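*Asks:* Just so you know, the sequences run in chain order A and B.
Residue 43 in the numbering used here sits at position 43 of the first sequence, and the numbers go up by one each step.
Position in the second sequence (first residue = 1) + 1000 = the numbering used here.
Keep in mind that a hint or two might mislead.
Sample of chain A residues at the chain B side, in silico, Cβ under 8 Å [as the list claims (entries may be wrong)]: (1) D275; (2) Y278; (3) L281.
Straight-line C-alpha distance at most 25 Å; calculated DSS-like pairs for lysine-lysine [claimed, not checked]: (4) A:K213 <-> B:K1597; (5) B:K1039 <-> A:K274; (6) B:K1597 <-> A:K270; (7) B:K1033 <-> A:K167.
Listed next, with one range per pair, are the computed distances between beta-carbon atoms [claimed, not checked]: (8) A:T185 <-> B:T1289: 54 to 64 Å; (9) B:A1599 <-> A:E272: 11 to 21 Å; (10) A:V223 <-> B:K1447: 22 to 32 Å; (11) A:S201 <-> B:G1601: 31 to 41 Å; (12) A:K154 <-> B:T1169: 51 to 61 Å; (13) B:R1490 <-> A:K270: 49 to 59 Å; (14) A:D31 <-> B:K1448: 18 to 28 Å; (15) B:K1039 <-> A:S161: 35 to 45 Å; (16) A:K39 <-> B:T1306: 55 to 65 Å; (17) B:N1173 <-> A:E272: 34 to 44 Å; (18) A:L134 <-> B:T1169: 38 to 48 Å; (19) A:K39 <-> B:L1021: 28 to 38 Å; (20) A:G203 <-> B:A1293: 57 to 67 Å.
Simulated from the structure, these hints should not be mistaken for lab results.
Predicted, not measured: the structure shown is a model, and the values here were computed from it.
A virtual CB, placed ideally from N, CA and C, is assigned to each residue, including glycine.
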Amino acid sequence: MSKQKNRSASKQANSDTNQGYVQLPIVCTADNLRMLIRKRAVRVVDVRRQEDYQKEHIPTAVSLPLAKLLQDDSPEKVVEILEKLGISDSMPIVVYDDTFGALAARVAWTFQYVGHENTALLEMTFSQWKSLGLETETKPNEFPAANHSLRLNKEIFADASYIESAKGQTDKILIDSRERLNFLTEHIPEAMNIPYTMLRSNGSILRDPAELKRFMENRGIPVDSEIITYCGSVGTLSGLAYYALKLAGAKNVKLYPKSFKEWKALGKPKEEFKDANYWDLSAE
Amino acid sequence: MKKATMKEGIALPKTNPRWGLEEETENFAQKVKLFRQRKLSDDDFRRFRLQHGAYSSRLRMDYSMMRIKIPGGEVTPEQLEKIASLSEAFSIGSAHVSTRQNIQLHWVQLEDVSEVMRGLVEVGLTTREACGNTVRNVMCSPFAGTCADEAFDATPYSKAIARFFLRNTMCQNLPRKFKINFACCEKEKHSLVRIADIGLVPAIKDGARGFRVYLGGGLGAASFIGHLLEEFTPEDMLLSTCMATIRLFDRHGNRENMARNRMRYLVHETGWEKFQKMVLKERTAVQMTLAPATIKKFDVKAEEDTRQLPKAPRMTKLPMLNDQVTKSSPAYERWLHTNVLAQKQEGYFTVFVTLGAGDITASQLRVLANTIRELSVEGVARNTPQQNFAIRYVKGTDLRQFFDRLASAGLANPGALTIASAVGCSGTTSCNLAITNSHRLAKEVQKKFLELGLDTDDSLRDSTIKISGCPNSCGQHEIATIGFFGGASRVGGAMTPTYTMLLAGNASELGKAVMRVPAKRVVATILKIIELYKNERSSGETMSQWIDNVVKGQGKGTIKDAEGMKSALEQVIQLPTPEVDPDAYRDYGSDSRFNAKTARGECAA
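Could you put together the complete structure from these sequences and hints?
*Replies:* Listed below in structure tokens is the structure:
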């Protein structure tokens, strides 16, 4: 099947593609993942800490702690990691974490950035998987190394200079996904706030797409605008926002993975709000 | 984790439901879009927004404070859990109990207000008419139904009145906001009936139910204590009395002068005797014209909790509620003494949960909800005007477990029923009108007092501390033993946050302004007053009695009157020079020079 068709694959994991692999939707349901695991037709990636993985993980999962990926997330290095995990170009990947999906989102985005489009987030965290009584195992998994090509998907990446150049362009929307009080304190000028806490629902790392779509509509964000997400430091919260926006139907979403931490370090302009003592509302 | 439908054979509480309407949610979202597209004027949108319970946040029109009404103060565990989730998703991860039994969510983005409303409707709650020129949340004493001195339980009446006036066409555009409060009994210590537009106290005459009705009270830039309408108002005249009062206010209230348009000014300017006659006459007119269909909408029976709660097990030894405790007593005993009261229902107790100026996090709300579900036989919570929660119908045998559950969530602070439980409005944390950070100051007072163990001192127990961030009295400073309202003054050549201190206020008498105190000297000033009291008191005199006597000019020690008090405090309010201690001239929560910024208030918009 052509790559073009691959892109437009439906949300259901039913359209067989290269080598008999399915094309995954943005979010993979637990049922779907269990089916794929039984068929041995998926690579499950556990991005929790190594010691958590060693205790227990989803069957067939390999371990890739986010911290390890972030040590060097240059595209070449990421491709090397994919190869070591035995992941070939079109093999479906499902990523999960135990941090409301944010760590998984950052890893999934990185895979897609280096060209592994067929990557999905598991709909729930590992704790939720366990609380449903779904299968786990303790044995570590290793697979024979595979070949993976590098096809950088620059469309989904933004850096500080890109954000600076987008200033004043109304069709480019900057989304800060940190919590409200952090946003109020300081943020990149012109940014809108969609706190990551808005994105999840009970039992799922992301809400129903219709709800997410409504949140965008409420804010007057057209689905065909270009949206750039960022958060506090390494692009985890904004990674989750990236997928939430995709799920809501946004076509052109970019992640600024180095986020506000880099922006500040570079001495770029900030918008601050100091006329209210909102931090004193905290009960902690 | 979720919930049995029956607990020991007791049905779950009827939620306090059906207040919210789905279509209002959709409507609000549409109006925000029109406003953003400039198809709705600022003024029209503001009126609409307030009518639906959303104030604009401090100096930021694009954020809202959403005020969730809790009619009668009764809130279910499911409702608390929903508020927790909404606060996490759309607000700042915590909720805030107000002094009028609302629960407020701050810094909600205007575009998300409709989403919060949507969630509230799912659990039966509403923000409708929580702000604006409407009948605001109808309050009821958290003791109603458990008070040994009450004539009967006022709770269903408060909810029926709330339901009758909510969305009622007769009160959609009043000259100004309108407040109705119910007490449990005339003896209620911190009752708010005499500072409301209508205050109601259950009473029985010749075996028939009725109320003592107080009219025209209220706190603000000018405050008044309500007047008793008549000795006894029979139950079947409750509705017509309230309607007549609101109709008079609607007809005669001042719609021009925003600063003088609460009903208390109308009463004051008309003169009580004349106003009283007008109300009685209007009531006759209302009664003659009341349609049966209208009367049917006032349904007290429908609001009654008809469940038969079982008798609590008798305890061989009651918990040591009345024993003396000290700072070094075990935490549980200290908490029992300062946070738990016996109910008239033998073996049952009401637990008060200490919050800091009304703040509670989402995760704390969830722990509280579960604790209520498992350990309150009544199965609901009440929020209190002291910005705490009251959980009733806890068996004596379950108190220890209750305490442990609260402690696991950092909610087991002592002092809820004592001077340590300082009240503070939201102040500069979110309010447009605020001059000072009264919210943080109230928490600082509480922290210091608990640290010093002042909650264990029974001679201070009937004293209260209440703090507002401006002269408008959301913090109810005028009914406090020691009250404060925020302002700005030049001290040592520098603009400084200060508070005007009032003394000797209580439920039926307003405090007298005595002096100004710099924000950073407030805690020290209160401590000094306590020290003076200890030196000066006559035997058996509580601090509030002593302060009362002094303010009346009847001090028996060296401090004779308010002037004497002022001189005795002159030393403690002094600040070092700005060069020596610049921080003394700043407000709490601020590391820069004080600057009194305010924006237009929206109370009367």
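*Asks:* Check each numbered hint from earlier against the structure, then list the numbers of those it violates in ascending order.
*Replies:* The structure breaks hints 4, 5, 10, 13, 14, 18, 19 and 20; every other hint is satisfied.
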